[in-house]
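Quick mapping for you: the protein sequence lines, in order, are chains A and B. One rule links them: number in our numbering = place in the first sequence (from 1) + 9. One rule links them: number in our numbering = place in the second sequence (from 1) + 27.
Since the hints were made in silico from the structure, they are not lab data. Everything numeric in this text was worked out from a predicted model, so none of it was measured. One or more of the hints may lead you astray.
[Said to hold, decoys possible] In the EDC-like style, the derived pairs of lysine to aspartate or glutamate whose C-alpha atoms are separated by at most 16 Å in a straight line are:
| id | chain 1 | residue 1 | chain 2 | residue 2 |
| --- | --- | --- | --- | --- |
| 1 | A | 15 | B | 195 |
| 2 | B | 181 | A | 414 |
| 3 | A | 15 | B | 193 |
| 4 | B | 156 | A | 149 |
| 5 | A | 427 | B | 134 |
| 6 | A | 87 | A | 52 |
| 7 | A | 364 | A | 398 |
| 8 | A | 452 | A | 469 |
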Amino acid sequence: MHGRLKVRTSEEEKYRKDKERQEKLKIFQHAMRKIISKRKQGEKDVEQLELTGKVLANNPDIYTLWNIRREIIEHLRKLQSDEELIKLCDSELSLTEYCLKINPKSYCAWHQREWILKTRADPDWKKELELCNTYLKLDERNFHTWDYRRFVVSHYRPPLQEEFKYTTEKLHDNFSNYSAWHYRSKMLLELYPDLDGGRPIQDSHHKHELKMVVNAVFTDPDDTSAWFYQRWLLGAVKSITHLVVFTLTPVRTTIAFNCHVDKPYLNACIQLYINNELVKGEFVSTGNCEYDDLWIYKHGYPIDDNLHAIRIDHTISNTETETLYCEKYMPCFYVGKNKINFQHNYAEPVLKELKEQLISLRQLQELEPDSKWTVLTTTFFLWCINSSEHHEEILKNLTTLKRIDSQRAGYYSDLITKWSMEKLLPNCYEQKCLDYKLDCNYKITSLPHLQYFSFCVNVDLSNQDLTSNCLPSLIKLQHCKVLNLSNNKLTSIIGLPELNLEELIITGNVLNIEEVEMYQLEHFSIMIFF
Amino acid sequence: MYDRLDAIDVEGVVRFVASMQQEDGSFFGDQWGEVDTRFTFCAVMTLSLLHRLEAINVNKAVDFVLSCMNFDGGFGSKPGSESHAGLIYCCVGTLSICRRMDALKGDELAWWLCERQLPSGGLNGRPEKLPDLCYSWWVMSSLTMLNRIHWVDKETLEQFILACQDCETGGFSDRPGDVSDPFHTLFGLAGLSLLGNTAIKRVNPTYCLPQETIDRLKLEPQILL
Chain A
10 MHGRLKVRTS EEEKYRKDKE RQEKLKIFQH AMRKIISKRK QGEKDVEQLE LTGKVLANNP
70 DIYTLWNIRR EIIEHLRKLQ SDEELIKLCD SELSLTEYCL KINPKSYCAW HQREWILKTR
130 ADPDWKKELE LCNTYLKLDE RNFHTWDYRR FVVSHYRPPL QEEFKYTTEK LHDNFSNYSA
190 WHYRSKMLLE LYPDLDGGRP IQDSHHKHEL KMVVNAVFTD PDDTSAWFYQ RWLLGAVKSI
250 THLVVFTLTP VRTTIAFNCH VDKPYLNACI QLYINNELVK GEFVSTGNCE YDDLWIYKHG
310 YPIDDNLHAI RIDHTISNTE TETLYCEKYM PCFYVGKNKI NFQHNYAEPV LKELKEQLIS
370 LRQLQELEPD SKWTVLTTTF FLWCINSSEH HEEILKNLTT LKRIDSQRAG YYSDLITKWS
430 MEKLLPNCYE QKCLDYKLDC NYKITSLPHL QYFSFCVNVD LSNQDLTSNC LPSLIKLQHC
490 KVLNLSNNKL TSIIGLPELN LEELIITGNV LNIEEVEMYQ LEHFSIMIFF
Chain B
28 MYDRLDAIDV EGVVRFVASM QQEDGSFFGD QWGEVDTRFT FCAVMTLSLL HRLEAINVNK
88 AVDFVLSCMN FDGGFGSKPG SESHAGLIYC CVGTLSICRR MDALKGDELA WWLCERQLPS
148 GGLNGRPEKL PDLCYSWWVM SSLTMLNRIH WVDKETLEQF ILACQDCETG GFSDRPGDVS
208 DPFHTLFGLA GLSLLGNTAI KRVNPTYCLP QETIDRLKLE PQILL
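Chain B extracted, bound-state conformation:
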């Protein structure tokens, strides 16, 4: 965002990230061996921002992500894990960066995602759970990458997001009336951007970074046709 990638030890970062990839394509979070699709996304995103994706076996990374696909078209944290909107974002984001969106069951997944919207307008992360502002990002970014953002009702969602803003501090919380924090503030604002709010700079749905940063880095994450 600050255009200062020169400030980091790129070779060091690339070497570490690549060393975390396992034989089955998955990534450890550190030397102690915890496997999670969140780590895959972090690895792929980091390397693509540095234009060094070739340092890992991308095909294997994609195959691992696809081995986490479930009956509902969604994804969990590892093979066998239940679908969860946050992890769906990580997996769809990985496929978007690796340009393998074709491997998704677009209609099934997008239906499951749009069913996350509750009568209040807010979105939950799994069936039969409460709404939470951060899913405005996890669900909406995934739907944007799937080119089906119009499957949710933007108006009521926007109302829900704005109701989560604390009028004293300006920050956003998970649900109306709760304590605000930076995590939910970021996802509230980024969610509003995806909904087309032009008061906020355009946010890229794959990277959760300003679109102008993505353009400057000449990155072209894939959107499903």
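So that you can see chain A by itself, here it is in the shape it has in the complex:
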């Protein structure tokens, strides 16, 4: 039951209500008995339509009754004249309309209407679209009506520009109409994709939408709808699959990517050469998944200390290939790293628009330093425009957000973590080193982008705020020998994946000793400090 207030009633009132309910129940049960018995007899007639119609008019959500009506209508279709059929379908539409007035969110009444229109010979789609307009005036957020509108549009096929214009009108009526923003996002991708540039939206429209949304959020900053649309626009950039790091040792060969890829992709696009010889093998996901961002390459090529010309080719598209060349980092240990970059890449006019909007956002933030949405949006703009240049300001803002929007402090902490990692990684990739020690001013709370560190042998994650939820993602540390998790917020080590560790340091966490001793028994080759 939704939205039914519990009210205290007197005994007398209660008695009267109970009696009323009993009466209703009696009529209902009588009708249902008759309907079921008629169905058992196979009586698909007009009387049955009347009986079910009466019950549905009071209780539109009885699926069974709509099903019975469909059986009858299908049966009558074989018997009646065209004229009679039109009348039958029209009266069915009237019944659904009546039922939808009783319950505008009745799944089965909406479905019955769709079914009739799909199966009748002469659907009037124009009229249906007008009905949607009327209903959306009564409740602009009823997702059933919006779904029905999409159903009608898919048959009526008006120019999509008309529908796009409709969302503009609805939004100008009320910017808080999230359903309209949603529909608009679908239209935008359909109408104005950037086919040549490979971006989701054409530059001029991308820019236009950014302007429209900023207008909306300044009209009513406390309404959240437009902020979600804006966040989507900020993220609507081209994404390309890249190699990240490749590691070759006698124990295993791993290949990390910036996103998840599957085996058919790998087989088609990845080739490994050692001593200029193509090495055949098989890809195995580290997370035991169909799509993964870190893959083990199983091959029979003997790995010794004298390998040369190790390279991996990645075919990105018909015209673009990237190649990683490996270097020897220590005896029998070869690593090839890519140039990495987390910066979003916008078209010039869009970037210009973002920069202009940033100026007004900053002014607004000065006026209202504790307005959550202003601070959050400014922060995302800074990150999108130039994350590296604005790093300090971004972290400062996120710290402010943890205070002014404390319900979502966990989210902001994870953002600090992720963006600090992104700042750290490009530098880290320039050093020829197999150690990974976190060196940022904030304690990290999660382990994003861990596949980028898959080549590291010594991993120091000590003195952070990591919880046991993070442990399963350590599966990415496929070459790690020494793992330091001391002084974190671990409460259990059950989620720790199987790695070829030599040393595990977990001092300074509140752990169950019995659990650790058990772990030690099962992993006697690992030196454990706890």
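Place chain B on chain A using the hints.
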């Protein structure tokens, strides 16, 4: 839950569920052709409990769910439908069972979900809507599968859930002061379990069943890393 799967006609169930799958991977609810991601989740969940997922085309079922993904990373009831926390649970649950959590936009979706929390601590199901106790389940289970349950404030949410309990009947309602019912009582209790309340048996976020049942059936729904 009662360990009595032997009591049902497994072949019959599998045959019916599989017959509801359509060419595009979607599922009908019955012969009359209503399509909804709720039906996909019911189908996938039913077959996985019976260890018979191979009876359907899982890849196509996943592709259909992904065709329902929206600009905010959420999901609706069919392709083109607006995101709604209840349907997000169904779609994320399907991907969890089919072990395709990688296909989600984890950060975008989890942000949208944590923004469902209102100052009262309660959660709504769509932007600019009222809080409702059942979203404590739809939102929190999804966030748990996304490994980001710490993005909402557990303390105020727990207070909201407890305020929805009717002190006379013990049941829970959608909002404080409303009439309680079994639907909201289940989701109130299951929500408290996800928040770490140890007085309640651990509930599995994908199946909304006791964890011990899931363990006994040796099911391993995926959690995002």
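Tested hints:
1. A/15 to B/195: 12 Å, holds
2. B/181 to A/414: Given that 16 Å is the threshold and the Cα spacing comes to 14 Å, the pair holds.
3. A/15 to B/193: 10 Å, holds
4. B/156 to A/149: OK: residue 156 of chain B and residue 149 of chain A at ~12 Å, within 16 Å.
5. A/427 to B/134: 11 Å, holds
6. A/87 to A/52: Answer holds: residue 87 of chain A to residue 52 of chain A is near 15 Å, not above 16 Å.
7. A/364 to A/398: 14 Å, holds
8. A/452 to A/469: Measuring from Cα to Cα gives roughly 13 Å; hence the hint holds.
Of the hints listed earlier, there is not a single one the structure fails to meet.
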